[in-house]
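Take these sequences, add in the hints, and give me the full structure.
Chains as they are written, first to last, in my numbering: chain E, -10 to 77; chain W, 12 to 249.
Hints in this document: simulated from the structure, not taken from any laboratory. It is possible that some hints are incorrect.
[Said to hold, decoys possible] Output of the computed footprint for chain W on chain E, the stretches with three or more beta carbons under 8 Å from beta carbons of chain W:
| # | region |
| --- | --- |
| 1 | 1 to 8 |
| 2 | 52 to 63 |
[Stated by the list, open to error] Calculated pairs, BS3-like style, for lysine-lysine (alpha carbon to alpha carbon, straight line, at most 27 Å):
| # | chain 1 | residue 1 | chain 2 | residue 2 |
| --- | --- | --- | --- | --- |
| 3 | E | Lys9 | W | Lys123 |
| 4 | W | Lys169 | E | Lys54 |
| 5 | E | Lys1 | W | Lys123 |
| 6 | E | Lys(-6) | E | Lys41 |
What you are looking at is a predicted structure, and each value in this text was computed from that prediction instead of being measured. The beta-carbon is built from N, C-alpha and C at its ideal position, and this holds for glycine as well.
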Amino acid sequence: MFHAKIVVTLRKSILDPQGKAVEHGIHSLGFTAAKNVRMGKYVEMNIATQDKGEAERVVQEVCRKLLANPVMEDFSYELEEKKVEAAV
Amino acid sequence: MSKLKIGIVVFPGSNCDHDAHYVASTVLQQDARLIWHKEGSLGDVDVVILPGGFSYGDYLRCGAIARFSPIMNDVVRFANSGGVVMGICNGFQVLAEAGLLPGVLLRNESLKFVCSFVNLRVENAETRFTARCKQGDVLSIPIAHGDGNYFAEPDTLKLLEDNRQVVFRYCDGSGAITRESNPNGAAKNIAGIVNERGNVLGMMPHPERAAERIVGSTDGRKIFDSLIESFVYQSLSV
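Here it is, written out as structure tokens:
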């Protein structure tokens, strides 16, 4: 089985008012060194296959078709193989 | 002319479905029917309305999950075969996610949910949704959304302008397109667009909430009356 950690972010060219608001909050806390705060989404999922290529294909297709809208968002992911203990 | 058959799709979380049904049936005296999103077919309809609301709680992105509801396959087929589809507010977001209209609706620039009457300038009075208006008319119609900030790539925006697909823009009371009259940060003050073929309209404002004097404006009726009239002309020209 594979475990995917997916991050969806607004494309760089798109204004992120939510990130701006959070940045404002961070600055109010006194951390004025923090810059360019951007918000995104984190999604994780297990993919029931032994085949890494198949797992990649599933993640990419799910991201393209549902998790990210290419008009406004980019995605990136990490895949990690997980050992599943044999069912008793 | 016989009554128009207007189908209003109900997603889990739709909340303007009954307003649209009421206007279509009681105010406009047409034949209106609610269609549950799990149905596989629209049945016999002339017009499909995707109503406002918060389908699937706006999870992930507005309209992103509704776009995969079973009924949407038939909505896409209907639209691609020239059927008339109107997406209002969340319905516009669903149409954008489904790729039936270009662009996307982002979070309002102010991060605030905005619920108020706005002024809309009619940018193209030659569509079947606006033929009852004149170019430059200012309509008073309410908005109620948190994600109405229309965004598209510059190339797409240029195409929309070149093809006269921008139907409504936010404006001030005199019809001037200003930054102050833009309630959500939408590119070029865009409030509503049609597809290239002109049979699919998406708009953030709610014409169904402005169809009777008692609710403060009847300007929304001009859109519905244009639509009904377009079918009369269509039947005459056949």
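Fill in: Hints that the structure is at odds with (numbers, increasing)
Hint check: nothing fails, all pass.
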